[in-house]
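Make the full structure from the sequences, and use the hints.
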Amino acid sequence: MDIVVSVKTNLDLQMIRIKNREPVLEAIPYKTGDLDKNAVEAALQLRDAVGESKVIVLTVAESNRKVRETIKEVLAMGADEAVLIVDPALESTDQAGVARTLAAALQKIGSYDLVLFGEGSSDDYSGQVGPRVAELLGVPQIGYARQITAGGAGVLVERSMDEYIETLEAPLPAVLTVVSEINEPRIPSLMNIMKAGKKPTEEWSLADLGLDPAAVASSCETLSNLAEEQDRKHIMLEGGAAEQAAGLVNALLKEGIVGR
Amino acid sequence: MEKVDCIIVGGGLAGLSAAYGLASEGLEVMVVERGDYSGAKNVTGGRLYLSPIRDIYPELWESAPFERPVTRELVTLMGDGASTTIELASDRFATAPHQSYTVLRARLDQWLADQVMEKGGMVITKNRVDEILMEGDKVIGIRAGGDDIGADVTIIAEGVLGLLSSKVGLREQPTARDHALGYKEILELPSSVIQDRWHLNEGEGAAHLFMGEVTKGMMGGGFLYTNKDSISLGIVVGMEAMRERTEKVESHTLLDAFKELPHIRPLVEGGTLVEYSAHAIPEGGIAKVPKLFGDGYLMVGDAAGLALNALLTVRGMDFAIASGFYAARAVADAKNRGDCSAAGLAQYEQSLRSSFVLKDLETAKEIPHIMENPRLFTHYPQAVSGLLEKLYTIGPHPSQKLSSTVIGGVRKDFMNARTLKELLAMRKI
Amino acid sequence: MADILVYSEKQDAALELAFKGKELGAALGMGLSAAAFGPSAADSAGALGAHGVDRVFVSEDPALEGLGVDVVAEALAQVACEAGATMVLIASTRRGKELAPRLAQKLGAGCVTDVSSLVLTDGSVVASRYAFGGNTVARENLTTESKVFAVMPKTFEIAAPVAGAGAVVQAALSLQPSAAKVVSRRPKDGDAVNLDAAERIVGVGRGFAKRDDLGLGEELAAALGAELACTKGLSDFGWLGEDRIVGLSGAKTKPDFYLAVGVSGQIQHTVGISSAKLIAAINTDKDAPIFQLADYGIVGNLYEVLPALVEKLKAL
Ligand SMILES: Cc1cc2nc3c(=O)[nH]c(=O)nc-3n(C[C@H](O)[C@H](O)[C@H](O)COP(=O)(O)OP(=O)(O)OC[C@H]3O[C@@H](n4cnc5c(N)ncnc54)[C@H](O)[C@@H]3O)c2cc1C
Ligand SMILES: Cc1cc2nc3c(=O)[nH]c(=O)nc-3n(C[C@H](O)[C@H](O)[C@H](O)COP(=O)(O)OP(=O)(O)OC[C@H]3O[C@@H](n4cnc5c(N)ncnc54)[C@H](O)[C@@H]3O)c2cc1C
Ligand SMILES: Nc1ncnc2c1ncn2[C@@H]1O[C@H](COP(=O)(O)O)[C@@H](O)[C@H]1O
Numbered sequence: 002m003d004i005v006v007s008v009k010t011n012l013d014l015q016m017i018r019i020k021n022r023e024p025v026l027e028a029i030p031y032k033t034g035d036l037d038k039n040a041v042e043a044a045l046q047l048r049d050a051v052g053e054s055k056v057i058v059l060t061v062a063e064s065n066r067k068v069r070e071t072i073k074e075v076l077a078m079g080a081d082e083a084v085l086i087v088d089p090a091l092e093s094t095d096q097a098g099v100a101r102t103l104a105a106a107l108q109k110i111g112s113y114d115l116v117l118f119g120e121g122s123s124d125d126y127s128g129q130v131g132p133r134v135a136e137l138l139g140v141p142q143i144g145y146a147r148q149i150t151a152g153g154a155g156v157l158v159e160r161s162m163d164e165y166i167e168t169l170e171a172p173l174p175a176v177l178t179v180v181s182e183i184n185e186p187r188i189p190s191l192m193n194i195m196k197a198g199k200k201p202t203e204e205w206s207l208a209d210l211g212l213d214p215a216a217v218a219s220s221c222e223t224l225s226n227l228a229e230e231q232d233r234k235h236i237m238l239e240g241g242a243a244e245q246a247a248g249l250v251n252a253l254l255k256e257g258i259v260g261r
Numbered sequence: 002m003e004k005v006d007c008i009i010v011g012g013g014l015a016g017l018s019a020a021y022g023l024a025s026e027g028l029e030v031m032v033v034e035r036g037d038y039s040g041a042k043n044v045t046g047g048r049l050y051l052s053p054i055r056d057i058y059p060e061l062w063e064s065a066p067f068e069r070p071v072t073r074e075l076v077t078l079m080g081d082g083a084s085t086t087i088e089l090a091s092d093r094f095a096t097a098p099h100q101s102y103t104v105l106r107a108r109l110d111q112w113l114a115d116q117v118m119e120k121g122g123m124v125i126t127k128n129r130v131d132e133i134l135m136e137g138d139k140v141i142g143i144r145a146g147g148d149d150i151g152a153d154v155t156i157i158a159e160g161v162l163g164l165l166s167s168k169v170g171l172r173e174q175p176t177a178r179d180h181a182l183g184y185k186e187i188l189e190l191p192s193s194v195i196q197d198r199w200h201l202n203e204g205e206g207a208a209h210l211f212m213g214e215v216t217k218g219m220m221g222g223g224f225l226y227t228n229k230d231s232i233s234l235g236i237v238v239g240m241e242a243m244r245e246r247t248e249k250v251e252s253h254t255l256l257d258a259f260k261e262l263p264h265i266r267p268l269v270e271g272g273t274l275v276e277y278s279a280h281a282i283p284e285g286g287i288a289k290v291p292k293l294f295g296d297g298y299l300m301v302g303d304a305a306g307l308a309l310n311a312l313l314t315v316r317g318m319d320f321a322i323a324s325g326f327y328a329a330r331a332v333a334d335a336k337n338r339g340d341c342s343a344a345g346l347a348q349y350e351q352s353l354r355s356s357f358v359l360k361d362l363e364t365a366k367e368i369p370h371i372m373e374n375p376r377l378f379t380h381y382p383q384a385v386s387g388l389l390e391k392l393y394t395i396g397p398h399p400s401q402k403l404s405s406t407v408i409g410g411v412r413k414d415f416m417n418a419r420t421l422k423e424l425l426a427m428r429k430i
Numbered sequence: 003m004a005d006i007l008v009y010s011e012k013q014d015a016a017l018e019l020a021f022k023g024k025e026l027g028a029a030l031g032m033g034l035s036a037a038a039f040g041p042s043a044a045d046s047a048g049a050l051g052a053h054g055v056d057r058v059f060v061s062e063d064p065a066l067e068g069l070g071v072d073v074v075a076e077a078l079a080q081v082a083c084e085a086g087a088t089m090v091l092i093a094s095t096r097r098g099k100e101l102a103p104r105l106a107q108k109l110g111a112g113c114v115t116d117v118s119s120l121v122l123t124d125g126s127v128v129a130s131r132y133a134f135g136g137n138t139v140a141r142e143n144l145t146t147e148s149k150v151f152a153v154m155p156k157t158f159e160i161a162a163p164v165a166g167a168g169a170v171v172q173a174a175l176s177l178q179p180s181a182a183k184v185v186s187r188r189p190k191d192g193d194a195v196n197l198d199a200a201e202r203i204v205g206v207g208r209g210f211a212k213r214d215d216l217g218l219g220e221e222l223a224a225a226l227g228a229e230l231a232c233t234k235g236l237s238d239f240g241w242l243g244e245d246r247i248v249g250l251s252g253a254k255t256k257p258d259f260y261l262a263v264g265v266s267g268q269i270q271h272t273v274g275i276s277s278a279k280l281i282a283a284i285n286t287d288k289d290a291p292i293f294q295l296a297d298y299g300i301v302g303n304l305y306e307v308l309p310a311l312v313e314k315l316k317a318l
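Chains as they are written, first to last, in the numbering used here: chain G, 2 to 261; chain H, 2 to 430; chain S, 3 to 318.
Calculated directly from the structure, the hints in this document are not laboratory data.
Take every hint as true, because none was put in to throw you off.
According to the in silico footprint, chain G covers these stretches of chain S (three or more CB under 8 Å from chain G):
hint : segment
1    : 98–111
2    : 137–149
3    : 251–261
4    : 292–298
By construction, the Cβ of each residue, glycine as well, lies at the ideal position given by its N, Cα and C atoms.
Here it is, written out as structure tokens:
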């Protein structure tokens, strides 16, 4: 079974500071998408369960510097090959553009039985890319997978919806998106990280996929992107547990939260 | 045990510099850094002396993320209620090539890690080395995250306290006497405000050092460096001085007190605190430099005590980068010759001896001694400022003759046996 | 004139969208259509009509059974075409969120999901959504002719029904059954809880070492008259149901008081509490980001602080 996992590199969100409501993005390190790591883990487990399978990780970015760490990490986890689509024109793309690029790359890769995505990326969390790719490829899609089993000619997927758990069966090829409870992604060993650099890695540009920059131009214009205003008191309650507890209860009395 | 050519313990400037050199030579290098990224946990005051290392990796410095070249040097001697500031304005500092730049480690180290990767080296972050593996006197690799990994050479770049290397006897356990402790904050200010407050042209920077009251008379001093749009502000205090001090001074409160001083407050006003850190600095001088190499290993940077705290200048980053460079050369040669024993790596120490690294440390040999004299941090700043204060004071009573004020002051504070002895001793530095 | 089309598999959510759709339609001079699928389509049509929808396109095509996302997307694309709709509003439930982009791809439309507000600005509909994991709110303007917005449920009110139903149109759809077959469906465990409406919330995180220790949190919640909520980290362990998650992928709460216990304060969680009037936090780590958002902070061990708090609250 050929499993392709689509992996996004995003800024380490925990490192973003807000200054005058604007996010300060300079010098923020990059990080592999959290749910994308779940998707890679799911792919590796499937590969090992099914046998005779291969896991290819696929990523789209405007520069290879950005994705170097990410790809290293997922290859070190155990993915077999990587395909990087790197093109400066992708700097200003949107989810539709990323999806179009991924679909073209999947077509060029040729053989894929399963294409796995995160349910949402750690930064945008739009959940658009997977479904858009499914539509472009004309294949079935099952979102929010929390368990994937290969069987017969297809996959059996248990997925987590708002109010219920649903089990679906789909023929291959299919697009799946995963939720975080599906697994605990493995942490690669140092030696595997060293070896990751030697795994087969292809790098393609948009031209290699027959796409021109206009095909990935964004149709989403961001008018502003500001943090919500927060005005907090930042009072630290000192002392031992009993004192702190008393301090909080007093504060809550004063604020009218308790004792009304 | 799986094996690589070279493992580097610690991805600070020393480790990364070694990695860059080795990767450039096409060797297989694995840098293991416990921080989330290189630079995440690294602390420096803020000024890199580039002059000594400009010819080391000359291709790198063009694109390095420096903050500002230091064109304005200030030092303040702080007495009790009076202080004297001396400013050095030198045309030479103001024109390129600049001798020193302010830097932020979060940026500089990350950038250097990128350069290492560009050359094919592997910088593995978020991983801690748990142990240095020995076979007799020979270092054979590391243990990390439950895995043992072997290497022909292990470069120890773990930074100041050298916990891993002292555990296996490659250096002494750290002692308070040989270390100072630095507390530092980075405060953000708009670059136009920085230029106004420190009287700088765009693209110029200031370095301002403080001695005396700032450390409550303990061995050490304060520093303030201007970055592009932030300032680095901190205090360095000798650990031993801190321990010996009878009345309990919580050292971290020194920094708050520093910021509250009447002539500092207006400088830092409105700054947003974006980073706070505390970190040790090697201060033992050359006497405390451990054996720099042995079978299968080399020590670089702070881990090897290669730093120089000479009152008005703290240097460690240039030493770290240079020692990493020479280490890489030695390892590359040793690998070529197929001899990674102590003998095969001996060239490392020779290069350090013939470079500024050990020469400057040798020259500064007496500094740790001299600095142990608390009067340097109490008596002198007070005496200078006290004297000047007298000169500037016009009181209700008839003034003394200028000359007698000066002579009286100098005689009282400087012309005594003790001071003369101390001044004589200072010639050694 | 073009139409706005609204759809959700959840009737309440569809009615909310109808309310907003009506308002936007009036301002932009667009009509309002809705789609309703499946066996209860006729009922929904009535409700939608009574809430201001001009035309409700209904279909009970058997291919729509199970609401396979591929089929629903195709059905909506066909309805949009029939209705002449250029703007589609969908509720950003899990189903809606996977449907919206697939539909958008079919329509060649730009799409914004998890929309938290839709505002008419200079003649365009500007959608807000959380960006950078919740650090910021981005205001987006789609430049495509067709637009799809997936709006978070409970963003708009539901208008009071008015007399006079809209037209019910039997949609002429040509659909293939979904490629994915539903094998089974079972309700999620856990009691239902409505965090959106809670006035006080105790939010618990991975600072709790064992599932059994959550009793401490429950006791505190009881003493405060608060609902118990949790981080995703904790729900992933299966210790509490997903409907108790607060944050980007859970509830966006607006309580008077939120008390975070053993919660680090990662942005994906805090985005769900930032509208709380008052926030307090208990965490052993003085550098935990949660303190940046707290009005009152306690650096301490929850195992010591919680019993003390419960005692003090009970003594009131
Ligand atoms: C307050 C202060 C002010 C200073 N001012 C200046 C100045 O103005 N100019 C100047 O040149 N120098 C200054 N120095 C000195 C200078 O910062 C140091 O000499 C320099 O950082 C040394 O670099 P290094 O790479 O040897 O060590 P470090 O930068 O400390 O790097 C060591 C690295 O090893 C990692 N590490 C440690 N243990 C492990 C482990 N077990 N596993 C994995 N990784 C590990 C650490 O995370 C760290 O990244 C100052 C120092 C301080 C503290
Ligand atoms: C796309 C995406 C969407 C997400 N959506 C959500 C969401 O909607 N909601 C959500 O919550 N998360 C969400 N997450 C996950 C989120 O990023 C964090 O992983 C999660 O919020 C962390 O949960 P936590 O604070 O319980 O755990 P941790 O981050 O592990 O924090 C535990 C805290 O407990 C403290 N602690 C430990 N022991 C004690 C003690 N004895 N007493 C007091 N304190 C103690 C620790 O200091 C620490 O700060 C999402 C992630 C992604 C990628
Ligand atoms: N630039 C990208 N490269 C590769 N995969 C991506 C990219 N952007 C998004 N994805 C995938 O699409 C999923 C959903 O992303 P999003 O639509 O941004 O929420 C992610 O979890 C990834 O699996």
